[in-house]
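J.: Next come the chains, spelled out residue by residue.
2 protein chains.
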Amino acid sequence: MSSIKFTSRQKEIIKIVEKNQPVTGEEIAQILKMNKSTLRLDFSVLTKFNILIAKPKIGYSLAGSHFHYFSKEEIKEQDISEVMEVPTLINHDTNIKDAIINLFMYNTDILYAVDNNSLVGVVTKKDLLKISINGKDLEKIPVSLVMTRMPNIIYLYSKSSIYDGIQKLNYHQIDNIPIVKSMEENGKNILKVIGQFSKTTACNLFFELLDK
Amino acid sequence: MSSIKFTSRQKEIIKIVEKNQPVTGEEIAQILKMNKSTLRLDFSVLTKFNILIAKPKIGYSLAGSHFHYFSKEEIKEQDISEVMEVPTLINHDTNIKDAIINLFMYNTDILYAVDNNSLVGVVTKKDLLKISINGKDLEKIPVSLVMTRMPNIIYLYSKSSIYDGIQKLNYHQIDNIPIVKSMEENGKNILKVIGQFSKTTACNLFFELLDK
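If you read the protein sequences in the order shown, they are chains A and B.
Quick note, our numbering runs 1 ahead of the 1-based positions in the first sequence.
Quick note, our numbering runs 1 ahead of the 1-based positions in the second sequence.
There could be a bad hint or two in this list.
Remember, identical chains collapse to one label, so a pair may be satisfied in a single copy or spanning two.
[What the hints assert, rightly or not] List of simulated lysine to aspartate or glutamate pairs, DMTMM-like, C-alpha gap at most 25 Å:
(1) 49 x 128
(2) 6 x 165
(3) 49 x 165
(4) 20 x 80
(5) 37 x 212
(6) 49 x 28
No lab work stands behind these hints: they were computed from the structure.
Just need the whole structure built from these sequences, with the hints factored in.
T.: This is the structure in structure tokens:
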């Protein structure tokens, strides 16, 4: 994407995000001593070109901050935690309508359902679509009714390699894999979701590899 | 995926599909002089491991038939038509409910809306989800109300390289690209969808490249 030309203000915004991420639009405006509305177009350009990622309630972070460029060997060896994305978690008793709203609000493709911090389900757009056409009251149905549950959830630990992630995506024909941490909470073993690895990230890595 | 061990019957099925694709389960059973129900488990194993692709009303074809293995150089040079998948087309006046049913029936992530063979829209799961939560009568709303239209459709011609496809997927942050052919029909220039290129295919190619 070296062909995109950014303005000096946009470059300055990138630098600020790099240094302070995650950082809100207000904070960036304060640092630049400018009105936030003046910067709206810049934010929209930078997110559109996937330079910045905007997460509601969290702020902006650099989309490509971890994509320095991995060689073929590094992809086989590097921990997947190096390239994982921020996951979107919802409570397992969230209703279908709120789940769909969450998908749009956080601009994500997948939701991870948790019960007391522990991963209990994976909710895809297809799961939500399937229930939506039934014409039932979506606010009365919990996602737990449509989600994929253990032991059918494919997941990876953060020490797995990037290569393991790509292999799992292919082998299981899925679009996203949760990255989990096994821990004890209140005397129980739980799997806490700390990130996700998606086909989008895999494609970014592929493109970088081809481009060098 | 060289670690999967197939039975000799499964290997025979793969050979039959390779030679006759697309071929229905009935036809395969006839060739093997066996009952179709006897082969059900084999079909399910072979599709689960993404060796065969099952298309309703069409039959089985080899999922990886084009994935001989492309080198980095070949990915930059080879026509994208070498690796494109079968697209799922719907009429632009199909209603939302039927569109969703089509997604499931053809096990696809994207629908291309056509008007007299010409590409006029792209319908994603997100488009369908957004309209589904409104609680309206989905059978009365055409997909043309929610689809992305020209000039906002990103597409590629079949002579583009695989690399171009990966670049476009990344740059535009989309999951699928229609591969089109420009042609004249009834004195009008139309774009006919002849295939699609997806992040799934890109990830398969990536995995193959890493694995060699």
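J.: Now tell me, hint by hint, if it's right for this structure.
T.: The hints, checked one at a time:
1. In this homomeric assembly, residue 49 and residue 128 come within 25 Å of each other (Cα to Cα) only across copies, at 18 Å, whereas the closest approach inside a single copy is 28 Å.
2. In this assembly of identical chains, residue 6 and residue 165 lie within 25 Å of each other by CA distance solely across copies; the values are 20 Å between and 35 Å within a copy.
3. For the homomeric pair residue 49 and residue 165, the shortest alpha-carbon distance between copies (19 Å) is at most 25 Å, but the shortest distance inside one copy (30 Å) is not.
4. When the C-alpha separation of residue 20 and residue 80 is checked against a cutoff of 25 Å, the pair qualifies only within one copy, where the shortest distance is 23 Å, while the shortest distance between copies is 42 Å.
5. Proximity of residue 37 to residue 212 under the C-alpha cut-off of 25 Å is found in neither arrangement, the shortest distances being 35 Å within a copy and 48 Å between copies.
6. Taking the shortest Cα distances, residue 49 and residue 28 sit within 25 Å of each other inside one copy (20 Å), while across copies they are farther apart (49 Å).
Figure legend: structure checked against the earlier numbered hints; the only hint not met is number 5.
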